[in-house]
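> Those sequence lines, one after another, are chains Z and W.
Mapping the first sequence onto numbering that gives the first Met the number 0, position 39 (from 1) lands on 38, and the numbers just tick up by one.
Mapping the second sequence onto numbering that gives the first Met the number 0, position 147 (from 1) lands on 146, and the numbers just tick up by one.
Derived by calculation from the structure, the hints in this document are not laboratory data.
Incorrect hints may appear among the rest.
To give an idea of the interface, some chain W residues facing chain Z are shown, with a C-beta separation under 8 Å as derived from the structure [what the hints assert, rightly or not]: (1) 144; (2) 199; (3) 200; (4) 247; (5) 281; (6) 283.
Which bits of chain W does chain Z cover? Going by a derived footprint, with three or more residues having C-beta under 8 Å, they are [claimed, not checked]: (7) 167 to 176; (8) 248 to 260.
One side only, chain Z facing chain W, incomplete, derived with CB under 8 Å [unchecked claim]: (9) 12; (10) 14; (11) 23; (12) 27; (13) 247; (14) 248.
Predicted, not measured: the structure shown is a model, and the values here were computed from it.
Here a beta-carbon is modelled for each residue, glycine too, at the ideal position from N, C-alpha and C.
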Amino acid sequence: MGFVNTAEYAQAAANGQTWVTQFRKLVASATTTTNAWVDYTYSGGSPSANFYASAPLEAAEVETARGIYVPSVAPANQYLKNLMVMTAASSATSTAEGRQELILCDYLLYYPFIDTDAVGEEQTLTNSVVIPRYSGGFVVAVAQSAGSAIGTFTFTYTNQDGTPGRVSPANRTFAVAGGGQIVGSGGAGASYYPFLDLQAGDTGVKSIESVTMSVAGGGLMALVIVRPLLTAHVQQECRRTTSSNLESYGAASEFSSLIHHQPPRIIDGAVLGILGCGFSGSLASSTLVGIIETIWN
Amino acid sequence: MGFTSHDDLLTKITVDGQTDYVFANKALSAAQVAGTWTLMAGHAGTPPAATFAGADLTYVPTDDTWGEGALYHGGDVDPATKHMLNMGGMMVAAAGAPWLIMPIDLVGYVPLSGANVTSTGTKTVSMTAIGSGSGTGDRYPNGAGLRLFVACDTVMGANAPTCIINYLDTGGGAGATTTFTSTASLPVGALLNTGAAANKYNPFLPLAAGDTGVSDIVSLVWAGTAHASGTVIIGLCAPLGPAIPVPATGLYNKYDFASAAPSYPRIRDGANIQFLVFQTGATTSGGTFMADITYAYGGS
Chain Z
0 MGFVNTAEYA QAAANGQTWV TQFRKLVASA TTTTNAWVDY TYSGGSPSAN
50 FYASAPLEAA EVETARGIYV PSVAPANQYL KNLMVMTAAS SATSTAEGRQ
100 ELILCDYLLY YPFIDTDAVG EEQTLTNSVV IPRYSGGFVV AVAQSAGSAI
150 GTFTFTYTNQ DGTPGRVSPA NRTFAVAGGG QIVGSGGAGA SYYPFLDLQA
200 GDTGVKSIES VTMSVAGGGL MALVIVRPLL TAHVQQECRR TTSSNLESYG
250 AASEFSSLIH HQPPRIIDGA VLGILGCGFS GSLASSTLVG IIETIWN
Chain W
0 MGFTSHDDLL TKITVDGQTD YVFANKALSA AQVAGTWTLM AGHAGTPPAA
50 TFAGADLTYV PTDDTWGEGA LYHGGDVDPA TKHMLNMGGM MVAAAGAPWL
100 IMPIDLVGYV PLSGANVTST GTKTVSMTAI GSGSGTGDRY PNGAGLRLFV
150 ACDTVMGANA PTCIINYLDT GGGAGATTTF TSTASLPVGA LLNTGAAANK
200 YNPFLPLAAG DTGVSDIVSL VWAGTAHASG TVIIGLCAPL GPAIPVPATG
250 LYNKYDFASA APSYPRIRDG ANIQFLVFQT GATTSGGTFM ADITYAYGGS
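So that you can see chain W by itself, here it is in the shape it has in the complex:
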């Protein structure tokens, strides 16, 4: 697993060539709202814009071969393990600073559209629980460390219902997130559970006390006055590393994980690397985002 020493890491990089680099860039297709987080997957760039296809209320697992747009990071390396050595990020936009860029592994999603968004009540999800296996579909055994969010797939209509997600925890026990209040008219990519108001949770939904992950999404419950239109996804993800701060437009910031504690965040085989971005102000449409990750793998 990983590297036994910095000498070993240096050998893996310079002798064995067990290192590479991934790069992503996106251009925002719509202005984003101050104080919210944005899932960048739905915006054009590298990888291309995802549309989050799939049958309503049916969980879609994703990995590094996801046809809608995943970053290739060298394929599976088992029994070795892959780790981030550093990560950089930058935003360029006329307004919106400062920003935060957080890398995530998007393990899967549940699409909701039509009446599943425009009516209140319980929307039951079809999903096979994440098991304890070692395949890339179960890359976080029993969902350990996984977090939930709800993101716009297409622009939301009027009204701001409340929302709660029921799930099973890592032990298979029933749990429910804290209730959040959505926001009307959010743009593509915006996380409904985030914002600068009461009953918002940035960027992930709080789990029930004591829970450390999510193995199964059971249902989503809308209450109040439903959104007039729009489509959303329930996102299931693992945070991959710390958020990169971007103090001002055009300033590139880089994390060196050699001096972090604990160091070298792991990129699991099959990881679908995506990015969340927080904007303090309203980021202008057309604003561009870029991020890069250098990784290496070692161990046997």
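Extracted from the complex, chain Z is given alone in its bound form:
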């Protein structure tokens, strides 16, 4: 199933086999780190905030209602048709929210409330649910509190092929001001990236079995397994000055399947969320707004 030509693609729209959902996520007021990543699902708005609030150290699926709504369309296959994004500045004078890298992801599984201060202790994770929709994904470390230090940890996991006992290289956390900020980092803790390093040769993680901190990070984090679907960006933040010569700024970025990229498939039950990296400064109190359109056949 899918589309064999652009005529089918156009006809699907005429048949009502499309959906449009608009989202709006307001980042909390805690300062975020320039060049580091945030998990927009953790922010309030529409859809409502995803705090990864469930039993500590137990695997759980991210609730459907925490994702940007898309319908289930089985037996058809659904694809991303269009993603459009804008960011609203935190104030009339802020220029900190422009130039964001975004990654649209399907959020699969998470392990909440891992203590980054538990140095030397293997924190065993419970796997009573299995990863949905995919055989594996990438791992994101999301802060569930402020973090005070550059911590170091490894984790054991089962890889995309179902091979257990895999051990990650040393990954690091860094100091963050609040929950929802991605604390994964490399090197000396000043090189930020969204996805944690895996054992050589692995391309994904099916489940995580344990986490061991060797250096304390001073906070709590969730390890979240996601499937990246599309990389996008926003350019200039939207704002209007309030003094002197009044000036308006802003930009919208649109990513259209077939024109700009191949259409990523969205599997029924997908929990869509966005990771964002602000290159211009803190994203605190800014808003990410956009539209997702899907199409199926």
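Please arrange chain W on chain Z, whose structure you already have, making use of the hints.
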């Protein structure tokens, strides 16, 4: 149907004159709420403010001759088909940016007032199901592609009940939207099912799994604590094209559908072109909206 090539399109425009332009502008009569969508039809401007007249709980079909205020887009062109070539939009307001402007074809609506809003329970709708015919009343055969929303006709009173709409899908099977939670004190035009909170759906209500449209509105069910006052409509519409982003006040944005995929969204004979607007922040009262669509028609 449509155009066989860009040469054909150019001929239709420059030789046959089969093209024109529609324009709408509105001024918000009340401040709008951050994170919500607004149906602009109830605000003054061009076309004039609609009041959504009609008997309670009785479906009112609308088309391009709707007396309350529809945009004239050249009349019926069957057997040719009419398509959008481009669309532009702009907002001017002291606050509320960024915005999104979405064109819709408002196929019809169901008015609810009085106790049908201020009491809970099932409110049964009287409607003849949309058929498979080719008339403008059935311009989306069996309701294919139609979507539902609930909008304020007059300002809502206190309380925030939950709401669900029962409908028939394109095959005549029973379906129900996802339950949404309304919001107290929403202003004229605001969509009750939208907002920045849990149990909100922007801008359209999710249909039952597998459904691709709505042929018949069966009932609306309020639960919880009813709104203290207000009037609403159930809107039945088809999205006409992508939402136009408006990053900041006074910035005019335009979509060129020649480079879209799929291109040239269709405007069906009888389409009642209206607009939905999303505001990230609270749009100030008196804020102005404008949109324009250039279209052409071709085929035989």
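> The structure should be examined with respect to each hint, and the outcome stated for every one.
Cross-check of the supplied hints:
Annotation: interface hint on residue 144 of chain W holds; nearest CB of chain Z at approximately 3 Å, less than 8 Å. About 5 Å separates the beta-carbon of residue 199 of chain W from the nearest beta-carbon of chain Z, less than 8 Å, and the hint is met. Taking 8 Å as the C-beta cut-off, the interface hint given for residue 200 of chain W holds, the closest approach to chain Z being about 6 Å. Hint status for residue 247 of chain W: holds, given a least beta-carbon distance of 4 Å to chain Z, under 8 Å.
The beta carbon of residue 281 of chain W is not positioned within 8 Å of any beta carbon in chain Z (closest approach about 12 Å), and the interface hint is therefore violated. This hint is violated: residue 283 of chain W has a C-beta 12 Å from the nearest C-beta of chain Z, more than the 8 Å allowed. Under a criterion of three residues with beta carbons nearer than 8 Å to beta carbons of chain Z, the stated coverage of the segment 167 to 176 of chain W fails, only 1 such residues being counted. As drawn, the segment 248 to 260 of chain W meets chain Z at 7 residues by the rule of a beta-carbon pair under 8 Å; at three or more, the given contact holds.
A cut of 8 Å between beta carbons decides the hint on residue 12 of chain Z: the least distance to chain W is about 6 Å, and the hint holds. Hint status for residue 14 of chain Z: holds, given a least beta-carbon distance of 6 Å to chain W, under 8 Å. Proximity of residue 23 of chain Z to chain W holds as hinted, the smallest CB-CB distance being about 5 Å (cut-off 8 Å). The beta carbon of residue 27 of chain Z comes no nearer than 14 Å to any beta carbon in chain W, farther than 8 Å, and the hint placing it at the interface is violated.
The beta carbon of residue 247 of chain Z is positioned within 8 Å of a beta carbon in chain W (closest approach about 4 Å), and the interface hint is therefore held. With its C-beta approaching chain W no nearer than about 6 Å, residue 248 of chain Z sits inside the 8 Å limit, and its interface hint holds.
In this structure, the earlier hints numbered 5, 6, 7, 12 are contradicted, and the remaining ones agree with it.
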